[in-house]
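*Asks:* Listed below, chain by chain, are the residues.
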Amino acid sequence: MHNLKPPAVLALLLLLLFSAGPACGKVYIDIDSPSFQQFPIAVADFKPLQPFSENEKLSLLFSDTLSRDLALTGYFHLLDRKAFLEDPKQAGITSEGIRFEDWTVIGAEYLVKGGFQTDGRELVAEFRLFDVVRGELVVGKRYAGKSGDHNRMVMQFVNEILLVLTGETGLFDTRIAFVRKGAASAEIHTINFDGSDLRRVTNYNALTLSPRWSPDGRFLAFTSYKEGNPDIYLRDLESGSTRKIGFYPGLNLPGSWSRDGKRLLVTLSRDGNQEIYDMNVENGLLLRLTRDFSIDVSPVRSPDERRIAFVSNRSGSPQIYIMDADGANVQRLTYLGNYNTSPAWSPKGKKIAYEGSVNGGFQIFVIDAEGGDPQQLTFKVGDHESPSWSPDGRYLAYSVRGYGRSRIEIMNAGGQGVRVLHEDKETSQSPFWSPHLR
Amino acid sequence: MKRSFVWFGLMALVLSLSVSWMTGCAKKATLQEGAVVTQEQKAVAQAPAVVAAPDDSAARERALREQALREQALRDQAAREAAEKAAREAAEKAAKEAADRAKREAKEKAAAILRELQIADINFDFDKYNLKPEAQEILKNGAPAYLKYRDYKLVIEGHCDERGTAEYNLALGDKRATEAAKYLSDLGVDKERIKTISYGKEMPLDQGHDEAAWAKNRRAHFVIFPPVK
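Chains as they are written, first to last, in my numbering: chain A, 1 to 438; chain B, 1 to 229.
So that you can see chain A by itself, here it is in the shape it has in the complex (with noise of 0.2 Å):
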């Protein structure tokens, strides 16, 4: 399942090669400022390693799947490759055979370079990072595997510039679960955050809904109808093993891990009503967290886990809520529009994304956990749900419906940067992004 983690037999080894000079431990750029501007970066093609071995077609895989990866981060302007002035001929793709001129004069900030080598299956290359403006080398690697894991190669050494430029890695080792809903059935499938690699989780032939990673990663929670009931099951994605953990008489749906992995918030109407209650993922023991008789769905845990946001209608319409994480203390979050459901508490803690009603539609929102205005991030026709953050809170994921087609997108956290993660003739729902997976 965890296709990012390098297989024993790949054996893709890292080696720092260079040193990584004076940028080392120092961020550039604050990401998160409001004044950030995308970094302007040049991808040139990569070179064969020993000579009399070209290779266009790896050549341009290489440069391509860089620049299409680093485009997908949302952090980098790439520079058309049609305004370099470079011979790629006589250029180097060391410090020393590099006009550093010839990048920044076309307003490069940054320059990638890399080389390859292949030996029958064997698959070695290299990348470099360049500060064209300060003329030196900012971080390169070599790996080796096979030949077809130039892909991985390229979101490992993407995972290192973001690394040096932000001080966080990427998120190219995390995938995005969702709902893909056919005719008579809905299936739990996982794609890669670039939108390759889509893998169906589940086969039940029946609704199945409301996917949920582990902490760790390891684990898929998830209500299925496949016995009847809507009941919880637990996914082992290591192992494959299907574990059923919430079969209460009526609805059994999970909600927000702990961080430990033990406790799972759920969602059960077995006392009559929808409840929101914490169940240890172990012995099955509940710990009833809400008391009313209007509708309690959807809880989510703030990264300290000492509070709930979650939906209630007590009010007479679905709207946003905050508790204490022992049920205490339910302060009333939302109260612009008349539909508001969804929450997703960030990773960072500050702030919650939902979805509410607007003109009819559906567009994703987020406000501060602590209250105020809400803003808003999507503004097109159609229904936009079920927001999910990104592990780094730096993106959003979220379904959109209309016109007879669905899709799942992804945003940056300010909603610029919309892309399509996914889209076919079934409909996707309901995204959840999983943590690093490695």
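Don't read these hints as lab results, they were simulated from the structure.
Hints may be right or wrong, so weigh each one.
Quick list of in silico lysine to aspartate or glutamate cross-link-like pairs, EDC-like style, CA-CA up to 16 Å [to be verified]:
1) B:K128 - A:D231
2) B:K195 - A:E370
3) A:K351 - A:E370
Some but not every residue of chain B turned toward chain A, in silico, with C-beta under 10 Å [unchecked claim]:
4) E105
5) E108
6) A111
7) E162
8) K175
9) I197
Predicted model, so just to flag it, every value in this text is computed and none were measured.
All C-beta atoms in this analysis are idealised placements derived from N, C-alpha and C, irrespective of residue type, glycine included.
Dock chain B against chain A, hints included.
*Replies:* Below, chain B alone, put in the same frame as chain A:
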């Protein structure tokens, strides 16, 4: 039973014939006591010869008569057996028809009961689960049949239209189903006989994306479960 009766009759006939014949002899013997004994003995001694003798016409006639009687008896038996078989088959056919009819009638009765028990879908307003007057009317009309047929059970499905969150709609559908269940239980239908299940917005009746479709999809649907024999 009938067959043994026939056999019994046949045996009686044969027996009475042979008895009359033997008593005839006995009479003769009584009348000609003493000297006649030898004759009688002779007759007895000659008896096999008498039967075998082709020229003994009386004996032959008797034999032929007996033969005819036996044959007639056999014919009668065959005829009777055929008649009996036909009668038996007719009876079996009638019984089967009666059984089929009973089965059909039972099936029709069961279907009639199901019709009597069937409750039409009740509909709800957007994001609401209160029972509207027309929904209450439907449930009031539906409840008596459940009081009459107490071994039938009921599953109430709660459904929503496509708008809004999958999860919130699961809770909303749950509410709709339980509201209908509570109302029926207030009308006297035993709670234990009613199960509720929410499908949220996942199983629309109408695939449309307008208010007409949505109105149909915001529903509680009633599924009857006949007693398990």
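*Asks:* Determine for every hint whether it applies to the structure shown.
*Replies:* To see whether the hints hold, each was checked on the structure:
With a C-alpha separation of about 24 Å, the suggested pairing of K128 (chain B) with D231 (chain A) is violated against the 16 Å cut-off. Distance restraint check for K195 (chain B) and E370 (chain A): the Cα-Cα separation of roughly 41 Å exceeds the 16 Å cut-off, and the hinted pair is therefore not satisfied. A C-alpha spacing of about 8 Å is found between K351 (chain A) and E370 (chain A), which places the hinted pair at or below 16 Å, so the restraint holds. With a least beta-carbon distance of about 33 Å to chain A, the hint placing E105 (chain B) at the interface is violated under the 10 Å criterion.
Because the closest C-beta pair between E108 (chain B) and chain A is about 30 Å apart, greater than 10 Å, the hint is violated. The interface hint given for A111 (chain B) is broken, as the beta carbon of that residue sits about 25 Å from the closest beta carbon of chain A, more than 10 Å. The restraint placing E162 (chain B) at the interface with chain A holds, with a minimum CB-CB distance near 8 Å, inside the 10 Å limit. Of the supplied interface hints, the one on K175 (chain B) holds, with its beta-carbon coming within about 6 Å of a beta-carbon of chain A, less than 10 Å.
Contact between I197 (chain B) and chain A, as hinted, is supported at the beta carbon level, the nearest pair being about 7 Å apart and thus within 10 Å.
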